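Asker: Residue strings, one per chain:
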Amino acid sequence: MRSKRYLWPFALATAAVAVAVAGLGSCAGPGGSADIGSVARERGLTDADVLAAVKTYQPTGRFDEYIMFSSGGHSGQVLVIGIPSMRLLKVIAAFTPEPWQGFGYGAEEHKELLASARMAGHDLAWGDTHHPALSETDGDYDGGFLFINDKANPRIGVIDLRDFETKQIVTNPNMGTNHGGAFVTPNTEYVIEAAQYSIPLWTDYADTDRYEQDYRGLVTLWKFDRASGRLDESASFSMELPPYWHDLSDAGKGPSAGWAFLNSFNAEMATGGVEDGNPPFESGASANDMDYMHIINWERAAEIAAQRGKTRTRNGQRIIPMSVAVEEGILFLVPEPKSPHGADVTPDGRFIVVSGKLDPHVTIYSWEKIQQAINNRDFAETDPYGIPILDFASVIDGQLEVGLGPLHTQFDNAGCAYTSIFLETKVTKWCLEPLAVADDIGVHYNVGHLATAEGDTKSPDGKYLVAMNKWSLDRFNPVGPLLPQNFQLIDISGDEMQLLYDMPIGVGEPHYAQIIKADKLEPFKVYPQVGYAPHTMAASPNAVLGGQESVQRRGNQVTVNMTAIRSHFTPEYIRVREGDRVRINITSIEQAHDATHGFGIAKYNINLSLEPGESQTVEFVADTPGVFPFYCTEFCSALHLEMMGYLLVEPRS
Amino acid sequence: MDQITSFFQGSLSQRSRVLMVVATLILLPCIFLPTWTITLHAPQYPDGLQMQIYPHTVGGDVHEVNILNHYIGMEEIEADEFPEFRFIPFFILRFFLFALLTALVGWVAIAAIGWIDFVVFGAVMLYTLRHWLWEYGNNLAPDAPLSIAPFTPSFIGGTQVGQFTVSSWPAAGAVLMAIAGAIGPLIVLYEWHRRRSGQSK
Chain A
1 MRSKRYLWPF
11 ALATAAVAVA
21 VAGLGSCAGP
31 GGSADIGSVA
41 RERGLTDADV
51 LAAVKTYQPT
61 GRFDEYIMFS
71 SGGHSGQVLV
81 IGIPSMRLLK
91 VIAAFTPEPW
101 QGFGYGAEEH
111 KELLASARMA
121 GHDLAWGDTH
131 HPALSETDGD
141 YDGGFLFIND
151 KANPRIGVID
161 LRDFETKQIV
171 TNPNMGTNHG
181 GAFVTPNTEY
191 VIEAAQYSIP
201 LWTDYADTDR
211 YEQDYRGLVT
221 LWKFDRASGR
231 LDESASFSME
241 LPPYWHDLSD
251 AGKGPSAGWA
261 FLNSFNAEMA
271 TGGVEDGNPP
281 FESGASANDM
291 DYMHIINWER
301 AAEIAAQRGK
311 TRTRNGQRII
321 PMSVAVEEGI
331 LFLVPEPKSP
341 HGADVTPDGR
351 FIVVSGKLDP
361 HVTIYSWEKI
371 QQAINNRDFA
381 ETDPYGIPIL
391 DFASVIDGQL
401 EVGLGPLHTQ
411 FDNAGCAYTS
421 IFLETKVTKW
431 CLEPLAVADD
441 IGVHYNVGHL
451 ATAEGDTKSP
461 DGKYLVAMNK
471 WSLDRFNPVG
481 PLLPQNFQLI
491 DISGDEMQLL
501 YDMPIGVGEP
511 HYAQIIKADK
521 LEPFKVYPQV
531 GYAPHTMAAS
541 PNAVLGGQES
551 VQRRGNQVTV
561 NMTAIRSHFT
571 PEYIRVREGD
581 RVRINITSIE
591 QAHDATHGFG
601 IAKYNINLSL
611 EPGESQTVEF
621 VADTPGVFPF
631 YCTEFCSALH
641 LEMMGYLLVE
651 PRS
Chain B
1001 MDQITSFFQG
1011 SLSQRSRVLM
1021 VVATLILLPC
1031 IFLPTWTITL
1041 HAPQYPDGLQ
1051 MQIYPHTVGG
1061 DVHEVNILNH
1071 YIGMEEIEAD
1081 EFPEFRFIPF
1091 FILRFFLFAL
1101 LTALVGWVAI
1111 AAIGWIDFVV
1121 FGAVMLYTLR
1131 HWLWEYGNNL
1141 APDAPLSIAP
1151 FTPSFIGGTQ
1161 VGQFTVSSWP
1171 AAGAVLMAIA
1181 GAIGPLIVLY
1191 EWHRRRSGQS
1201 K
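Top to bottom, those sequences are chains A and B.
In terms of the working numbering, the first sequence opens at residue 1 and continues consecutively.
In terms of the working numbering, the second sequence opens at residue 1001 and continues consecutively.
Everything labelled a hint here was simulated from the structure, so no lab data went into it.
Since this is a predicted model, take the numbers as computed values, not measurements.
Ideal Cβ positions, reconstructed from N, Cα and C, are used throughout, including at glycine.
None of the hints are false.
Here are a few chain B residues that face chain A, going by a calculated C-beta distance under 7 Å:
#1 1063
#2 1064
#3 1067
#4 1145
Kindly produce the complete structure, drawing on both the sequences and the hints.
Answerer: Following this line, the structure appears as structure tokens:
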């Protein structure tokens, strides 16, 4: 009995500890409930939701495993997004002026770039980016460059992935719009661009009653010079195509290397005119059951383009006429289910997958059979322009029903493919050998393109898929009648696909994206030297180093050599007279990571971004007298607001 | 006293001379290695900012440290401002030659003079470092954007200056020199012990 009495204090102490522990457990931390289960219950999250959150959440400071480069649609830009977190990392200015990067706000190098990007005598303040293409080495992304097309104004932009900036824009004088591109050959020998809506090629103007005679399709092969990081216009060439409307394209790889495959629609050559009682384009261009996939031997075409007398020049562009292409055996057609969207070459290069969006199948063409038919000259017929047409049934490997409105296909590392199904708004997973559907998953809503991790290279990674949905409807808080697009991240590592995350895109309507392993990218942290010109990726001839600041006047030309460093510009006064031509060479003499300055002049529409080491030049006429503050437009330091100066434009009187 | 005199007039044993060769090998890289490291830590510099003080110059993130220092009116740190950098490498070379000579001829007297010279030099250099730290932390320009109380960073250990923790520690060069310096007393102890045990026999 005595011993039991001794136990009392222990029992009390134990109880006290238990109460304290229980108290701590139920005690709400700074964020409310402290355990996962009760937070999930409070927020109405299912186990699957929690699992999705755990698969995507990146704690602060943790990098994403993949980087997705997405077109930005009408924004004319490229979006850089981390996967799996779906965090927007950057918006790269490509075709559209963009103030944060100071792209198109006075910097001379951007003025030159945008001047070279003018078309039809117009300054173009927008672009419609559709299809980014990462540079490849041996059929795999190498992380060096990114090419992006502008559908609206047929142009291709070149982005250097050392600093994620646009370095070059080439215009295509012989296209109305483009859509088949940008895509690259396996070693980025060429960046390929195919036109979409045909326009007259050999004559400046022809009405649509001359459609079949004068309108033409076109594919351009831009020669890429990796050393300079530029497309070499003089070494590039084009090929004349029938006036079908060309769509997406892909380059062959492995056994099909050296060839390119282009979709087309409107093989009917409909010319619309609903107001005149004609069928509108939408039905006229969809009348036949089949359109044509174009099969082009680009390697041979490059040799022919280099030969004397085999090309015609139009607006400075060397073009292989259709007749020469037929004669040389470098252009063939094969029927494809109508209104196709994707032409995607399998990772091993043995098959080409096509889906016609008005046909519920994916059609798998065998490269081996195509080659046999070409070698045996086994053609069913020719089109109105004499281009040989291969027999559909004898070159396909199979067809598989995947759903209504199939569009684009990407691949994984296990021999399976993923096709976006527009009308049924889902993604279908199917496998090649044996040919069968494996799984599907609903997406929200109206999926266009999709992208899997390195999914169009010769060695896809699987793991992640992003469905790029055109409509978001009820997925996000309402923001008025113009809704964001919806990128949905899907886990494809298991047998069943799992939806992980919705990312709204509120800057334009993206089309295609490519996903690269993050460790393939090695961008600069700061520019390699103080006084660096990003446009030439070399030391700037206008660099101003600390101590070299000056103001020089020659007649009415005033040159200001300026430096920027935390937290002042030197000089802080720019005194000029009304009508003077002012040239400011400005260098950020910073070397610290992330110490970016801006240089904005009030009311003169000037803003530069000066990243550490960067040198920029701005030139303008001081046409309005007055006092105009200029200031650093990036919050650079504690004394950022004090980093300013005055442009004093003395009236002429 | 006679013992001490004869000790200094004597020659070093083979073993001590080998130790002197070791000392030369340790001293030589000190001419090129950083002697002292000053690190600045703040939340927006996750990797810290490091300045390495070499016998002949100061390296590392000096540019960035100067940008930061100008806010509090500190003088710019520039290698040319320090006359010491012009002769320190030659001093180290001199100690190296002393050690080499000792190893070759084996005279205790040379070893002793060299060692004392070395220790005095070390002490003076530590004092100089402390002096410069005082100089930079206490001569702040009065018209600086940020006015803070004058301060003297410790030459060993940490000091808080605004949002920065400044830590100052010996670097590889100083550690090696300390090891080379410790060889002196080691030899004395060894030789003393050796002689005495030799005499008793």
